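Asks: Sequence:
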Amino acid sequence: MSNQSGRNLVETQSPVERTLLVGAQLKSQRQGWELEDSLIELGQLARTAGLEVAGQTWQRLDQYHPATLIGSGKVEELVELRDDLDCSVIIFDDELSPRQLRNLEETMGDDVKILDRTSLILDIFAQHARTREGQLQVELAQYQYRLPRLTRAWTHLARQAGGGAARGGTGGVGLRGPGETQLEVDRRLISRRIAQIEDELEQVRRHRALHRRQRRRMALPVVAIVGYTNAGKSTLLNALSGADVLVADKLFATLDPTTRRVELPGGREILFSDTVGFIQKLPTQLVAAFRATLEEINEADLILHVVDITHPRAKDQSDAVVETLEEIGVVDRPTVVALNKIDRLSDPRVAEEWQGEYSESVAISAARGWHLDTLLEKVEEVLSADLLYITVRVPYNRGDLAALFHEHGTVSETKHSAEGTIIKGLVARRWLEQFREYLI
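Heads up: the sequence shown is residues 554 to 993, going by my numbering.
Because the hints were derived from the structure by calculation, they are not lab data. Since the structure is predicted, the reported quantities are computational estimates derived from the model, not experimental observations. Among the clues, some could well be false.
Below, a list of computed lysine-lysine pairs in the DSS-like style, where the Cα atoms sit at most 27 Å apart [unchecked claim]:
hint : residue 1 : residue 2
1    : K868      : K931
2    : K580      : K931
3    : K666      : K627
4    : K580      : K627
5    : K931      : K968
6    : K834      : K627
Distance windows between CB atoms, simulated [stated by the list, open to error]:
hint : residue 1 : residue 2 : range
7    : T837      : R652      : 16 to 24 Å
8    : S581      : D872      : 14 to 22 Å
9    : T734      : D637      : 22 to 30 Å
10   : K868      : L941      : 28 to 36 Å
11   : D590      : R897      : 42 to 50 Å
Cβ atoms here follow ideal geometry from the backbone N, Cα and C, with glycine treated the same way.
With the hints as extra help, turn the sequences into a complete structure.
Replies: Structure below.
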């Protein structure tokens with residue numbers, strides 16, 4: 554099997570948590586991120602997690618090796634690089650299967666931790682979760698990821714604050730029954746803890762739904778701010794609302810969602826909700842675990858997509874966000890694109906080219922406060938264009954539809970007739986099909 558390999562070593566002096574990055578890509582891959590760019594992002598993730606990047610290596614293959622992801626020759630090279638660079642952590646840019654992880658751990662030895670992009674992102678999320686909800690969501694994702702990979706304790710998690718997974722797992726906890734191995738005990742205990750967390754998160758989900766219903770009764774539209782991690786979402790929310798959301802030049806600097814009230818130029822008040830940043834190869838465990846948080850996006854009246862147009866992979870980052878939105882079922886929502894960080898552009902024509910790509914977009918600088926009034930005007934315009942004034946006669950046996958109108962629309966008049974309840978008011982375009990049969 555032919556392959557192409559590369560090495561790019563950067564020596565560092567720190568002896569603590571020295572890390573080697575490993576990338577792999579199929580030669581047939583023609584779209585998406587370039588291998589080198591993906592490794593640059595992996596390095597940013599590693600530094601965000603508090604690790605020191607000592608070097609990186611990569612390989613392009615005809616097909617991935619089921620036993621170790623990369624070829625056997627590349628594995629031997631990794632052993633040499635680990636010794637040469639004195640690395641205690643090796644991070645793969647792609648998710649490793651349980652078999653691949655086990656084989657690589659056996660090859661590298663007990664004094665080297667093998668991580669992949671998924672486990673690294675989970676590690677970062679565990680460090681940045683501040684609320685009880687965020688900690689539960691991360692703990693659930695960690696357990697779901699680790700359950701099929703229980704080979705040995707991952708001591709790199711011991712430094713984290715938070716839930717049980719962040720404190721080093723369940724190894725050695727509990728009593729074994731006749732013939733039951735410690736691994737089986739661990740799996741049973743983790744499965745039980747997963748069930749407990751899911752129950753707690755379901756209560757969080759119901760609590761969030763109650764808050765959303767209360768907001769609906771106040772007739773306040775919700776704008777969900779989405780974007781690639783470090784695109785400037787928190788900076789934008791701070792600039793629009795005077796919020797005090799943490800802003801840092803790191804990936805996933807903020808994790809827990811924040812909602813703030815903002816007044817539009819026409820005097821109407823709306824709610825802006827900052828959500829967790831997206832990233833390419835976002836772990837499926839996180840998408841599932843953060844269901845309660847991501848429902849805030851699903852329930853939003855408008856999506857405000859923040860794009861860092863100064864990033865060399867800005868288009869790929871934008872595509873990754875759109876793909877994640879599609880994955881969680883947000884496909885029919887009006888969207889405004891905030892083309893952020895124009896203060897860093899040396900050529901203003903770049904912003905004009907981006908505006909040609911997106912019909913509903915505004916070039917801004919959240920950090921400098923440039924063109925935020927124009928952005929709010931665009932949000933107001935798109936929100937108004939998406940509202941329809943309708944009159945419906947809802948049969949008395951369709952109380953669910955009447956409730957839907959009150960929850961997701963703005964009711965201006967209600968009357969009762971022999972055939973049903975007549976409701977007049979504004980609803981978003983996406984709800985029209987629900988009421989089409991009863992329009993009058």
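Asks: If a hint holds in the structure, say so; if it does not, say that too.
Replies: Consistency of the hints with the structure:
1. K868 - K931: With Cα atoms ~22 Å apart, K868 and K931 stay inside 27 Å; holds.
2. K580 - K931: Given pair K580, K931 is violated - Cα atoms ~43 Å apart, limit 27 Å.
3. K666 - K627: holds, 17 Å
4. K580 - K627: holds, 16 Å
5. K931 - K968: Given that 27 Å is the threshold and the Cα spacing comes to 35 Å, the pair is violated.
6. K834 - K627: Distance of about 23 Å is within 27 Å: holds.
7. T837 - R652: 16 to 24 Å: Check passed, 18 Å falls within 16 to 24 Å.
8. S581 - D872: 14 to 22 Å: holds, 19 Å
9. T734 - D637: 22 to 30 Å: Given range 22 to 30 Å: violated, Cβ gap about 37 Å.
10. K868 - L941: 28 to 36 Å: holds, 33 Å
11. D590 - R897: 42 to 50 Å: violated, 19 Å
In terms of the numbered hints stated before, the structure departs from hints 2, 5, 9 and 11, listed from lowest to highest.
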